[in-house]
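Participant: The residues making up each chain are set out below.
There are 2 protein chains.
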Amino acid sequence: MGRIPRIVILGAGYGGIVTAIRLQKELNYNEADVTLVNKHDYHYITTHLHMPAAGTDKPENARVDITKLIDEYKIDFVKSTVTQIKLDDQKIILEDSAISYDYLVIGLGGEPETFGIPGLQEYAMNIRSINSVRLIREHIEYQFAKYKREPHRLDYLTFVVGGAGFTGIEFIGELADRIPRLCAEFDVDPSLVRIYNIEAAPTVLPGFDSELVEYAMKVLEDKGVTFKIATAIQECTPQGVILATGEEIRSSTVIWTGGIRGNRMLAEAGLETMRGRVVVDPYLRTKEYENVYVIGDCSIVMNPEGRPYPPTAQIATQQGQTCSYNLVASIRNAPLKEFKFQNKGVVASLGKGEAIGVVGKYKMKGATAAFMKKLVDMRYLFIIGGIPLVLRKGRL
Amino acid sequence: MGRIPRIVILGAGYGGIVTAIRLQKELNYNEADVTLVNKHDYHYITTHLHMPAAGTDKPENARVDITKLIDEYKIDFVKSTVTQIKLDDQKIILEDSAISYDYLVIGLGGEPETFGIPGLQEYAMNIRSINSVRLIREHIEYQFAKYKREPHRLDYLTFVVGGAGFTGIEFIGELADRIPRLCAEFDVDPSLVRIYNIEAAPTVLPGFDSELVEYAMKVLEDKGVTFKIATAIQECTPQGVILATGEEIRSSTVIWTGGIRGNRMLAEAGLETMRGRVVVDPYLRTKEYENVYVIGDCSIVMNPEGRPYPPTAQIATQQGQTCSYNLVASIRNAPLKEFKFQNKGVVASLGKGEAIGVVGKYKMKGATAAFMKKLVDMRYLFIIGGIPLVLRKGRL
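These protein sequence lines map, in sequence, to chains A and B.
According to the numbering used here, the first sequence holds residues 1 to 396 in order.
According to the numbering used here, the second sequence holds residues 1 to 396 in order.
These aren't lab readings, by the way, just hints derived from the structure by calculation.
A couple of the hints might just be wrong.
The list treats identical chains as one, so a pair stands whether inside a single copy or across any two.
[Stated by the list, open to error] Using 25 Å as the maximum straight-line C-alpha spacing, the simulated DSS-like pairs for lysine-lysine come out as follows:
#, residue 1, residue 2
1, 148, 79
2, 68, 148
3, 58, 146
4, 340, 25
5, 148, 39
6, 39, 146
7, 218, 91
8, 287, 374
9, 86, 365
10, 91, 146
11, 79, 146
12, 363, 218
13, 68, 79
14, 86, 39
From a predicted model like this one, the values you see are computed outputs, not experimental measurements.
All chains, please: the whole structure from these sequences, using the hints.
Facilitator: Spelled out as structure tokens, the structure:
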């Protein structure tokens, strides 16, 4: 009998953690060694990060300890940062060690895509991790405190969100909810606060039903948000942003949510990438290596019309399920399964009690959609952690 | 019968608010018009500010709405900022109006004294108002968030407090208590955090019993504080502080508590001042004007040895009581009373459950002193707001 095959999973985001949890369930004793590598010892629920970023929820509620999700007798967890992927050597270089694999799952997540807009990298903040949302929350509160010392600096009370996709819109909904509370806490006149949402595309939430988009904009405008749609950011500066129209918005807080690209390590590893992402085969493997799977924000799956599905938590979770199935099948010499994305619906929150959504043929808005959003969140908690996690982190 | 005399009180700090409350109690109907002018619509309990500055208590707990302390049928309250005092014209120029007086009480409080140390004005923060302590609290939290983005920047985790008087020591006690909680919240290794207390004088808490001072230093050192005593700050820079020894401490947070001077408007008004303060006569009046009283941090009262009493909440409160007595006596053509400071004891808090104090001939430390500190606080709440305020703001 040969050596037990070794599966290494890089990243404990949606794709990676679901793969790990499913493998743990499916694999029999001594069928494979599974190692999960992640930068932090917690998984975070990316779709919740807009709340702690705005300060409407605690960062703790958006994360789960990895050791509470996996059984360490069955899966080895390594807390480390990947520095290099050596595909020909079947080896992963970590900060302080190296590990070999027979099968590799790359679920390293994405990085902000700034489309070469000058200054975004240096002066804008991103909603992408627990640490980054704590930075945003503290930054926002600090601006209110600084404004009280320098009451002529209205740029301290001006908030610019670049990008009107899911993350941008959900963050704005939370921020608009938080502003009145911050004004009360710091004795600031709420009429002085400005929230701008700037989007280069001709609409917010591109691809969403237009009636619902209109509803979302109305809800957010009523909360004090100013939209500048079909307007590109030309440059981000230490003083704010300059728009393609030439208009300057002075703001000490610019949050960039305008795009996601893959992880730069994939191209460095020699894989063919588009904006850091790999077009995977029907089984979620790379073209170059049969034993290397790519899932989540680092992967591209084409829809039946030949256009890439947008990177979402939903698709990453489903990829994790197919990926773990195919890994088990490979080990057992069974046939692999093709990945088929099943759209279970999309719900975007607009702050407390407000949301819009499309589930199957149903369009919904307001309290119904907000309720559906919570069900979607709890469904995911159930997938990764079962009833105990739903009870611990779920909110109805 | 002549016009009703008009009394104007500038500032609702310890001295001003006690003067106003006593006048409201003593004066009969139509005996005088009393106007209280204050920048904010709240009085703040300066001796509590070190707690919200460190983030161990809410700023709200250190302030009381002025309209809850005075009866607006008896005293006019004007929320405005004094811009000029015209003593010869018996007129006060406010931001947006002007008021005349027959009797004036100046209780405008002090300003930080930087002794000409370069950079302190620009780069250090001060514990002096609700707004300033919110700034400090938010600044500190923000440094932890920024450290997580740039983990090589240990200056984000280094805190320098200049001055080891009451405010400095009490703030350090609270900060040392807060650090472990901030470390837990932001996932920061507590061993990386540094707190320095730098004092030019040869001892911390100058004038305090030396055995208690030793105890205080021990308590704070055990909480991780590093003292640099008999060491002057030579310069404050955007990178931290440079000491007279040539040593540089890199720190993104410098809090200056090293000194208080009077308000610059007193000298501008033509009064003779020493570091912005006026030496008052035995009745608390200026030498130049019999109808102008100066109390609190803007005034100097000499002790029997001919040295000025340090400016404290205790002396300001007692001055408010004598000042209101003398105002009523003047109006009634009764003899004035000389001000005599009665030392009721001094207690310095060292964080939760720890303090040192001298009350009469008793020296105390630890839990006893901490309990006494709370009694002192509650006694003041009782003076200004009676039982209801003690119940609302008091903590045992």
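Participant: I'd like to know which numbered hints this structure contradicts. Please list them from smallest to largest.
Facilitator: Violated hints: 7, 8, 9, 10; rest satisfied.
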